[in-house]
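Trainee: Just need the whole structure built from these sequences, with the hints factored in.
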Amino acid sequence: MNAGKVRVAFICTHNACRSQIAEAIARMRASDVIEPYSAGTDPLAAPNPDALRLLAKRGIDVSMLRSKALDEIPRPDIVVTMGCGVSCPALPCQHREDWGLDDPTGKEDAAYDACIDAIARNVDDLADRIHAADGWDHDRPDVSALRALADETRLTVVRALAHEEELCACKLLDRLHVSQSTLSHHMKVLVDAGLVHQRRDGRWMHYRIDSDRLVALGESVTALGRGGHASNGDNI
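Residue numbers (my numbering): 1371 to 1606.
Everything labelled a hint here was simulated from the structure, so no lab data went into it.
Quick caveat, the model's predicted, so the values are computed rather than measured.
Treat the hints with caution; some may be incorrect.
Label pairs and their in silico Cβ distance ranges [unchecked claim]:
1) Ser-1433 with Lys-1477: 42 to 48 Å
2) Asp-1483 with Thr-1552: 47 to 53 Å
3) Asp-1441 with Lys-1541: 25 to 31 Å
Lysine-lysine pairs mimicking DSS-like chemistry, simulated, CA-CA at most 27 Å apart [unchecked claim]:
4) Lys-1438 with Lys-1375
5) Lys-1477 with Lys-1427
6) Lys-1427 with Lys-1438
7) Lys-1477 with Lys-1438
8) Lys-1438 with Lys-1558
9) Lys-1541 with Lys-1558
Every residue, glycine too, gets a C-beta built ideally from N, C-alpha and C.
Mentor: What follows is the structure in structure tokens.
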């Protein structure tokens, strides 16, 4: 990645239309400040051919576009969801926003053109805000992760997981002496912050710590204590 660029992930459900349009437009119009990626929570096999056709008609390069899952892109600084209630709990970032765009899939070309125009305006606005922020600290602590750890119960969970390869929710219930709904709430916070990964095995959820992310968070906090500075990314 070129120094100074902000990693922006454009996310929609299938990574077939809106997010692909955003990636292509950001690469064309804002490559000086944005390193764009796109992905989907449930990606299709390939991008929408009508979206590709209409982008190409405008002279926008679509040769690099392909559908991707969330785990196929680098960790972003900014996550932009395109609309329709898309949630990306496993994609931590430093800033998140939703553009609330209607999906033109299956509609006339005019709907695609309107979507492309709206995305172009939003990309320009985002690039302007990044310029105004005057730099981006890629190593600053993730506020969502710090907030997730600002609770004694969740700290206890993290300590327990740090000493185990994986723990079943049933084991955590025994250790914490809390209700299942309370545990579910705390685990959702940790999962959404990217500190914990989960999988279902039969009736129970099983959890494991993301050790690399926890170490990186600790290092960034330590760096701040040694004279690091807060990022102007808060102004985004």
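Trainee: Each hint: holds or not?
Mentor: Verification of the hints:
1. Ser-1433 with Lys-1477: 42 to 48 Å: Between Ser-1433 and Lys-1477, where Cβ atoms are some 25 Å apart, the hint is violated.
2. Asp-1483 with Thr-1552: 47 to 53 Å: At 49 Å between Cβs, range holds.
3. Asp-1441 with Lys-1541: 25 to 31 Å: The hint (25 to 31 Å, Cβ to Cβ) holds, given that Asp-1441 and Lys-1541 are roughly 26 Å apart.
4. Lys-1438 with Lys-1375: holds, 21 Å
5. Lys-1477 with Lys-1427: Between Lys-1477 and Lys-1427 the Cα gap is close to 17 Å, so the pair holds against 27 Å.
6. Lys-1427 with Lys-1438: holds, 24 Å
7. Lys-1477 with Lys-1438: holds, 23 Å
8. Lys-1438 with Lys-1558: The hint holds at about 24 Å.
9. Lys-1541 with Lys-1558: holds, 17 Å
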